[in-house]
Amino acid sequence: MTPIVSISNLSKTYASGFQALKGVSLDIEEGEILALLGPNGAGKTTLISIVCGIVNATSGKVTVGGNDVVRDFRQTRAMIGLVPQELTTDAFETVWNTVSFSRGLHGKKPDPAHIEKVLKDLSLWNKKDNTLRELSGGMKRRVLIAKALSHEPRVLFLDEPTAGVDVSLRKSMWDVVQRLRASGVTIILTTHYIEEAEEIADRIAVINGGEILLVEEKDALMTKLGRKQLRVDLAHPLERLPQSLASYNLTLDEDGQCLIYDYDTSAERTGITALLAALAEAGIRLRDISTRQSSLEDIFVEIVEAGR
Amino acid sequence: MNIEAIKSIYFFEMARTRRTLLQSVVSPVISTSLYFIVFGAAIGGRIQEIEGVSYGAFITPGLMMLTLLTQCIGNGSFGIYFPKFTGTIYEVLSSPISMIEIVLGYVGAAATKGLMIGTIILITASLFVDLSIAHPFAMLFFFVLTAITFSLFGFIIGIWAKDFEQLNLIPMLVIPPLVFLGGSFYSIDMLPPFWQAVSHFNPVLYLISGFRWSFFEISDVDPLASAAIMLVFLALCMSVLTWIFRTGYRLRN
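Order-wise, the sequence lines are chains A and B.
When we follow our numbering, the leftmost residue of the first sequence carries the number 1, and every step to the right adds one.
When we follow our numbering, the leftmost residue of the second sequence carries the number 309, and every step to the right adds one.
Just so you know, the hints here were simulated from the structure itself, not pulled from any lab data.
Misleading hints may appear alongside valid ones.
Mimicking EDC-like on lysine to aspartate or glutamate, the simulated pairs with C-alpha atoms at most 16 Å apart in a straight line are [as the list claims (entries may be wrong)]:
#1 A:K108 with B:E312
#2 A:K171 with A:E152
#3 A:K140 with A:E160
#4 A:K109 with B:E312
#5 A:K171 with A:E196
#6 A:K127 with A:E116
#7 B:K315 with A:D111
#8 A:K228 with A:E152
#9 A:K22 with A:E211
#10 A:K228 with A:D262
#11 B:K392 with A:D90
#12 B:K392 with A:E86
#13 A:K228 with A:E268
#14 A:K218 with A:E297
#15 A:K109 with A:E152
Which stretches of chain A does chain B cover? Using the computed rule of at least three CB atoms under 8 Å from a CB of chain B, they are [claimed, not checked]:
#16 36-42
#17 54-63
Have a look at the derived ranges for each label pair, beta carbon to beta carbon [to be verified]:
#18 B:H508 with A:T13: 46 to 52 Å
#19 B:Q331 with A:T13: 40 to 46 Å
#20 B:S335 with A:E195: 51 to 57 Å
#21 A:S6 with B:L329: 18 to 24 Å
#22 B:T555 with A:Y193: 34 to 40 Å
#23 A:T13 with B:V506: 42 to 48 Å
Think of the CB as a built atom: it goes at the ideal place given N, C-alpha and C, for glycine as much as any other residue.
Bound-form chain B, shown alone (with noise of 0.2 Å):
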């Protein structure tokens, strides 16, 4: 194991985040804070409590996933995009360094920037809500693991894209709708039964139910169900990966 390779990427991707702490940092802070503005105060002071748990904490944990899905998947995919696009990737790829040991580093790098956000987040709300956690261990499970899982994902969006476009198009396009139609601002029971049953298909309300349930122990899903579909995205990503390395796909072609 090429420990030096890690640790060199590692901190060079953390010194990048120091770099643009405001892009980074502040304006997800500022984003979040918005939001339950907005939709906590001023559109939540009209909702009634969801199952026993006020709107601005109910939204908590979606708003913490949403930050958490597009820095993981953002950072990740930038990481990796970057060195492809400027050319400086030649020196990863000529070095004494494992496939495996480049994801470490970068990936490591990305998911903690994730994680560190989605805690200021949470540091931000408790600003904002009275928030308690009834199962921190599961919440830990979930928040750690969605964002290597993310990040992962994220890499691969990296490697895969061509130019700023295809980097941006997932990020963008797909993930807000995902994680706004996968119940971050309400419970599912509040829809019709078509549309609860849709959403059922979306891979982001296990995500944001079982972040919930860690929270409040109220869930759309079961929350065994929510780690079964994280674990399964997982290893989806790691397939993919281990593909990518073994053709040596858009990297060493």
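If we strip away everything but chain A, and leave its shape as in the complex, we get (with noise of 0.2 Å):
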């Protein structure tokens, strides 16, 4: 399958000197959630910004549909809804005219029965008429992404959609997504929530440095470097480990009630049940054990360490 949107090899260096991205390719495909993650200043923006036709790459090509977005940038910026970082409105503008003004931007003719499902599913029917000035953090977030949705875009990039949104409006933001992504829409987006990436996307990239780090399913990736963690309360607390356990990478807690073993998920053999043998043979009384997987954070703290 070709992909949505094809990214090879995107440089961008700003009249400043700052080289934002460096050489990145990445390949979307159609109908998938892909998570970009990266800290503060990673290149996501100018990578969303340039897709977008924001800003103009130094070097590189970026296709949307198969189209060139530089040659052919009406055909793919038609493609595209962007919701954008910042909570750029205009202050004085009406929910309603300026999701409609959006959708006339991208010379689609006014459909205000598809306005109204907008504004309905986004729960902003009721605020149709407020100028946008006279709204919260949270409406405006959704008047944003009302007017990427206004003209019914197959590709969608949310920059950071849940940045100071309450849990109660994420949710439903997330159940926006969900039915989006149902109805085949691409969706692309950055967040500093990596739970949420977690929760709702398919393939994970990190990007760092102005270079992509990793891309992978999600699935896999959590397979591949979740590390799993094997924790044995003791029911009476040890002052060293014993000799026997020396050989197992087992480390004992500061007060002694508690052994932590590290193993590898994806390894052949994990060596849990040689372990609790050896534990029952040196004599040693377990109280309770539990196990803990690592979290997509910790994977990406690991690969962003591990790039510096």
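Once you've looked at the hints, go ahead and assemble the two chains, each given alone in its own frame, into the complex.
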């Protein structure tokens, strides 16, 4: 399948000399949700801005739906909806007007029924005649999403869409995202809430210092890089690790109450059975056992730290 | 051609005029009326006719140009500067719309506003003085050409400006002296020869002179020279804009 967005060898150096992107290549498949993760200043927004036509690339090529974003900008931009990171709104406009304006800008004829549906989906219908300055931050964020959806895009970029949005609103926003995905819209999102990416994304791309460090199916990534930890609570505290257990990768916590065993879920043998047998043999009585899987956040921090 | 987008920008801009009716329409009418009271009635009563035209009528084309220039530059620059300032420009830049279409929307709206206000001033003036227009087509030509050219000029200023100070620099500091010294309120024949010569370097002189010629058939310079200077300035603005679009100057960098 040809990717709906294809980025190849994309570089951007700003007039100040700052190199925001260093030869980035990335393919995004139609219908997927790709989470683009990276610390502040990693190049996420610059990358999105070039695909959407807001920033000129220094070199490299981007196609959307097989069309070049510079040469065939009419086709590519008509396909794209963008929700920017900053809450930029026309303070004096009404919600209805600003969303209708966005539709017109994308060359679509007025369609009040569609605008009504978008506003209702985002719980903005009862605010349609309010001016934007009267709205709260979360409401403004939803207006930006409504603007991006006003022209029925096939590819939606969400740049930090849930920054400063309360929990219930965030949940309803992700419901909208899921519905969009179900209707075949491709979604690229950047977020600082990594647990959100973990919950919602199909694939994860990690960018730092203007370079893509990793692109992977989320599940594969979790398995491949996901380390598990077995915690064994002891009935009686130990002063130090018995000699017979020295061959295991074990650590004893400070008060001697708990043994921590790190293992790799993808390894052929996790060594758990042998460890438990060895514990029994050493006469150590167990009170409880629990395991903990590393989260995407741990993985993310690990990758970014390793890249430094 | 993305007609829907041009319409959207145009009507969006025109809607702002409706919201700011006092500032956009009422204020120029009041200031023009004040000019007529001060220059036309108070001072003009003591000034003889200039080349057979009453002083009040003589200053009308200059006053229209003064307002037209400041309004077109103001609207043209603000229209594109404001989205840059608030950040909403992202949406225009990420839309399937060419730079020419962006210009048609913004500059079209700015020129329309300028023409509307110019017309209102003409109507206001006709309440104070007897006016006749000798060459209506020439008058329309100068009127529309000036509106378009200076709205384009304003648009360039709006793209160039990095803050409100720069935005207001040219409309507030450069245009008024050029208009006042360009023969709005006098014929340059009244000046000493040295200043007459200096005045010929003022592009606004040509504008006002040509415009006044279309009303009263009197002019400081040849009306054809006026038209030529205007067209050259229009071509210059369009060249600068073409360069801006090619390079993405202060928009896509």
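Here's how the hints hold up against the structure:
no.: 1; hint: A:K108 with B:E312; verdict: 6 Å, holds
no.: 2; hint: A:K171 with A:E152; verdict: 22 Å, violated
no.: 3; hint: A:K140 with A:E160; verdict: 14 Å, holds
no.: 4; hint: A:K109 with B:E312; verdict: 7 Å, holds
no.: 5; hint: A:K171 with A:E196; verdict: 10 Å, holds
no.: 6; hint: A:K127 with A:E116; verdict: 11 Å, holds
no.: 7; hint: B:K315 with A:D111; verdict: 15 Å, holds
no.: 8; hint: A:K228 with A:E152; verdict: 43 Å, violated
no.: 9; hint: A:K22 with A:E211; verdict: 6 Å, holds
no.: 10; hint: A:K228 with A:D262; verdict: 6 Å, holds
no.: 11; hint: B:K392 with A:D90; verdict: 11 Å, holds
no.: 12; hint: B:K392 with A:E86; verdict: 13 Å, holds
no.: 13; hint: A:K228 with A:E268; verdict: 14 Å, holds
no.: 14; hint: A:K218 with A:E297; verdict: 12 Å, holds
no.: 15; hint: A:K109 with A:E152; verdict: 12 Å, holds
no.: 16; hint: 36-42; verdict: violated (count 0)
no.: 17; hint: 54-63; verdict: holds (count 3)
no.: 18; hint: B:H508 with A:T13: 46 to 52 Å; verdict: 47 Å, holds
no.: 19; hint: B:Q331 with A:T13: 40 to 46 Å; verdict: 42 Å, holds
no.: 20; hint: B:S335 with A:E195: 51 to 57 Å; verdict: 55 Å, holds
no.: 21; hint: A:S6 with B:L329: 18 to 24 Å; verdict: 50 Å, violated
no.: 22; hint: B:T555 with A:Y193: 34 to 40 Å; verdict: 38 Å, holds
no.: 23; hint: A:T13 with B:V506: 42 to 48 Å; verdict: 47 Å, holds
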